[in-house]
Every structure is written in structure tokens, then in C-alpha cells.
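Chain by chain, the residues:
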Amino acid sequence: MVVSFVCAAALGNMQSLSDAVLEGASGAVDLSISLLGMLCLWGGIMNVAQESGFTVIISRILSPLFKVVFKNVKKESPAAQAISMNFAANLLGLGNAATPLGLEAMKRLQLENRNKSSATDDMAVFVLMNSAAMRIIPTTVAALRSKYGSASPMEIMPATWICTAASLFVGITVSKLLGRFFRRPERETP
Amino acid sequence: MRTAGAYAIPAVMVMIVVFAVFKKVSVFEAFTKGAKSGAVTAFEILPSLVGLVVAVSMLKESGALELLVKALSPVATFFGIEKSVIPLALLNPISGGGSLSMYESLLKSVGPDSYAGRVASVMMGSTETTFYAVTVYYGSVGIRRTRQTIPAAVCADITSYIVSSHIVKLFFGV
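Protein chains in written order, with the working numbering: chain A, 1 to 190; chain B, 1 to 174.
Please note that a few of the clues may not be correct.
Stated by the list, open to error - Taking lysine to aspartate or glutamate pairs in the EDC-like style, the calculated list, with each CA pair at most 20 Å apart, reads: (1) LYS23(B) to GLU51(A); (2) LYS147(A) to GLU66(B); (3) LYS36(B) to GLU66(B); (4) LYS108(B) to ASP30(A); (5) LYS33(B) to GLU112(A); (6) LYS36(B) to GLU112(A); (7) LYS71(A) to GLU112(A).
What the hints assert, rightly or not - Residues from chain B that face chain A, not an exhaustive set, calculated with beta carbons under 7 Å: (8) VAL14; (9) VAL18; (10) VAL110; (11) VAL122; (12) THR127; (13) ALA133; (14) THR135; (15) ARG144; (16) ILE150; (17) ALA156; (18) VAL168.
What the hints contain is simulated information worked out from the structure, not anything from laboratory work.
Yeah, the Cβ is synthetic: ideal placement off N, Cα and C, and Gly gets one too.
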């Protein structure tokens with residue numbers, strides 16, 4: 001905001017800056033109202049999936065994948081289970097469930113971490129997984145596309161999958177490579 | 001390619017509901033419960049959305065972002081990144097609500113089925129608010145040294161920007 005103010009003053013945009021404040025506030029309300037319907041619908045459907053145990057089955061299917069990516073997470077450990085659930089929730093676009101499950105997974109990873117102030121390699125990979133949007137159906141994007149009159153709001157899906165996979169692959173590879181250069185003390189240094 | 005996308009939502013919905021009925025879950029009850037939490041989320045994000053959208057529209061109107069975009073666009077062009085999505089690419093890792101509103105205004109101005117509209121859609125669909133995730137996840141367990149996380153996450157984001165521009169060209173043409 002300070003940057004905006006200085007730039008606006010320097011470039012002589014102050015009037016449009018003050019208009020932007022007012023328009024921005026009402027624009028935010030419009031945006032969240034248009035997302036309300038989608039959030040309700042998918043919140044409901046995903047809760048059905050959770051209560052029926054659908055998401056648990058998916059997490060079981062995913063566990064072999066994690067063996068490759070996570071170095072120190074043991075199979076069937078509490079951390080592995082929480083990671084699987086978070087992964088499944090992410091895939092299904094369950095943002096609400098993914099974050100609480102992800103924080104639970106971090107807590108369990110932290111239990112096995114000997115240096116409590118420094119991240120482990122597995123934590124870095126896990127956070128990367130959550131900063132890439134690994135969802136099957138990009139609901140928010142599709143909702144906005146159809147709102148602005150797209151002939152086929154979902155047509156971008158295959159492209160999105162490939163893009164996410166590429167980004168995640170690069171992220172995890174870089175993390176594995178750089179992990180060696182970012183040394184971490186075994187114990188916390190006061 | 002287009003029809004495959006159209007099948008996805010109904011297919012997933014039917015699959016989940018049929019499975020739930022098979023497992024004897026009271027589907028509608030579970031649905032309304034989840035829908036309610038969805039509604040709560042929508043209102044919960046409103047305050048931060050107002051703050052972020054105002055800050056972002058100020059940034060846009062002040063001309064600050066344009067200066068940054070001008071500085072970075074030769075680099076982006078070199079990698080074949082579509083020029084009109086660069087502001088979005090810069091904002092996306094920092095602010096989820098802000099980039100969402102910028103994405104929306106981009107759709108409004110160029111249309112969702114244009115080249116830039118599709119690139120922006122793929123980009124938005126394949127990256128999350130990186131710095132938000134890093135802050136929340138590490139913050140929750142009190143980790144201060146994130147080591148290789150930020151450099152790796154930035155590489156991942158840049159990959160997504162480059163790939164999205166090229167893959168849309170490949171799938172849909174310009």
C-alpha cells in the first residue's frame with residue numbers, strides 16, 4: 001500500500017488510486033458472493049465423500065507414491081497417514097480439509113524432527129506439494145470461466161494437470177538437489 | 001479434449017454419491033453439513049478478500065505493478081510467457097485473493113476462451129499461493145529456517161508459468 005501511494009504520487013495517479021480503494025471493496029464482496037455457491041456445492045459433495053470413507057480409500061492407493069518422494073516417512077506411520085489424507089483432499093479440491101490435515105501432518109513430521117527450528121527435507125517436499133495446486137478439478141477457475149461466458153469452462157483441465165505435474169516435478173527435484181547445500185545442524189543452536 | 005473436461009464434474013459427483021449410497025451414508029444430510037462449512041468459508045475469507053482486493057487494486061492503479069511488469073517482460077518473453085499474464089504471475093505466489101481478483105478482471109477484459117484467458121486459467125489452476133502455504137505450514141509448528149523450500153517453490157512456480165503458456169499453444173493454438 002505504501003508502495004502504491006508513493007508510485008501514485010510520483011506518476012500523478014492519485015485520483016484513480018482513491019477510486020480504486022472504493023471499487024476494490026465492493027468488488028471483493030461481489031467476488032465472494034459468486035464463489036459462495038461453488039463453495040457450498042463442493043463442500044457438500046466432499047463431505048459425502050469423507051463420511052462414506054471414499055477419501056480413505058484414495059489415501060491407501062496413494063501410499064506407494066510417497067515412498068519415492070519422502071525419505072524418512074515410514075509406511076503406515078501417523079505422519080504418512082496424515083500426508084496421504086492431505087494429498088487426497090488436495091486432489092479432490094477440498095481446500096478446507098486439506099489445510100487442517102496438512103497442519104496435522106506437519107505436527108507429526110515435527111515430532112520426528114530433532115532440530116525443532118529447522119525444516120527437514122521431507123517437510124520441504126510436503127510444503128511444496130501444498131503450494132502446487134494438485135487438484136483434479138480446478139473448481140474456482142472453472143466457476144469464474146463460466147461466469148465470464150466460456151463455451152467450455154473445463155476444457156483447460158488436461159493442460160492444468162500437465163502443468164501442475166511439471167511444476168511439482170521441478171520443485172521436488174530442486175528441493176532434493178538443494179537440500180545438500182542447505183545444511184542443518186543436528187541439534188538446535190541456541 | 002474438450003468433451004473429456006465436460007465429463008469430469010458430473011462423473012466425480014455421481015461416483016461419490018453412488019459410493020456413499022452403497023456405504024449407507026445419509027447423503028443429503030452429509031451434503032448439507034459440508035455445504036454449510038463451505039458457506040462459512042466463503043464468509044470467512046471475505047474480510048481478508050476486501051483487504052487484499054483493495055491493496056491490489058491500489059497497486060494496479062498506482063502504476064507500481066506496471067513498472068515491475070515492464071522490467072520483467074523481456075525475461076518472460078524470452079521464455080515464451082504470454083505478456084498479459086505477467087502481472088498475474090507476479091502476484092499469484094504472494095496473494096491468493098488478490099490474484100483471484102486480477103484473474104477475474106483479466107477474464108472480463110480478454111474473455112475466458114482467448115489465448116491469454118486460457119493461459120491465465122491454466123496458471124491459476126496449477127499454482128497455489130506459495131508464500132501463504134510456506135508461512136502457514138511452517139508457522140504452525142514453529143519452524144523458522146525453511147532451508148531450500150523457498151528457492152524450490154519459486155522454481156516450481158516459474159516452471160508452471162512457462163509450461164502453461166506453451167501447453168495452451170499446443171492444445172488450443174494461439
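These are the hints, each one checked on the structure:
Restraint check for LYS23(B) and GLU51(A): the C-alpha separation of about 9 Å stays at or below 20 Å, so the hint holds. With a C-alpha separation of about 27 Å, the suggested pair LYS147(A) and GLU66(B) falls outside the 20 Å cut-off, and the hint is violated. With a CA separation close to 40 Å, the supplied pair LYS36(B) and GLU66(B) exceeds the 20 Å bound. Between the alpha carbons of LYS108(B) and ASP30(A) the distance comes to roughly 14 Å, so the proposed pair stays at or under 20 Å and holds.
About 35 Å separates the Cα atoms of LYS33(B) and GLU112(A), which puts this hinted pair outside 20 Å; it is violated. Taken as a hint, the LYS36(B) and GLU112(A) pair is broken in the structure, with Cα atoms around 36 Å apart against an allowance of 20 Å. Between the alpha carbons of LYS71(A) and GLU112(A) the distance comes to roughly 13 Å, so the proposed pair stays at or under 20 Å and holds. Of the supplied interface hints, the one on VAL14(B) is violated, with its beta-carbon coming no nearer than about 10 Å to a beta-carbon of chain A, more than 7 Å.
For VAL18(B), the interface hint is violated, since its Cβ never comes within 7 Å of a Cβ in chain A; the closest pair sits about 10 Å apart. Annotation: interface hint on VAL110(B) violated; nearest CB of chain A at approximately 10 Å, more than 7 Å. Hint status for VAL122(B) relative to chain A: holds, with the closest Cβ pair at about 5 Å, below 7 Å. Checking THR127(B) against chain A by beta carbon gives a least distance of about 6 Å; that is within 7 Å, so the hint holds.
Nearest Cβ of chain A to the Cβ of ALA133(B): about 4 Å, under the 7 Å cut. The hint holds. Contact between THR135(B) and chain A, as hinted, is not supported at the beta carbon level, the nearest pair being about 10 Å apart and thus beyond 7 Å. Satisfaction of the interface hint for ARG144(B) is found here, the shortest Cβ-Cβ separation to chain A being roughly 5 Å, below the 7 Å cut-off. Taking 7 Å as the C-beta contact cut-off toward chain A, the hint placing ILE150(B) at the interface is violated, the least distance being around 9 Å.
At a threshold of 7 Å, the smallest CB-CB gap from ALA156(B) to chain A is about 3 Å, leaving the interface hint in force. For the restraint placing VAL168(B) at the interface with chain A, the shortest Cβ-Cβ distance is roughly 6 Å, inside the 7 Å limit, so the hint holds.
In summary, the numbered hints that this structure violates are 2, 3, 5, 6, 8, 9, 10, 14, 16.
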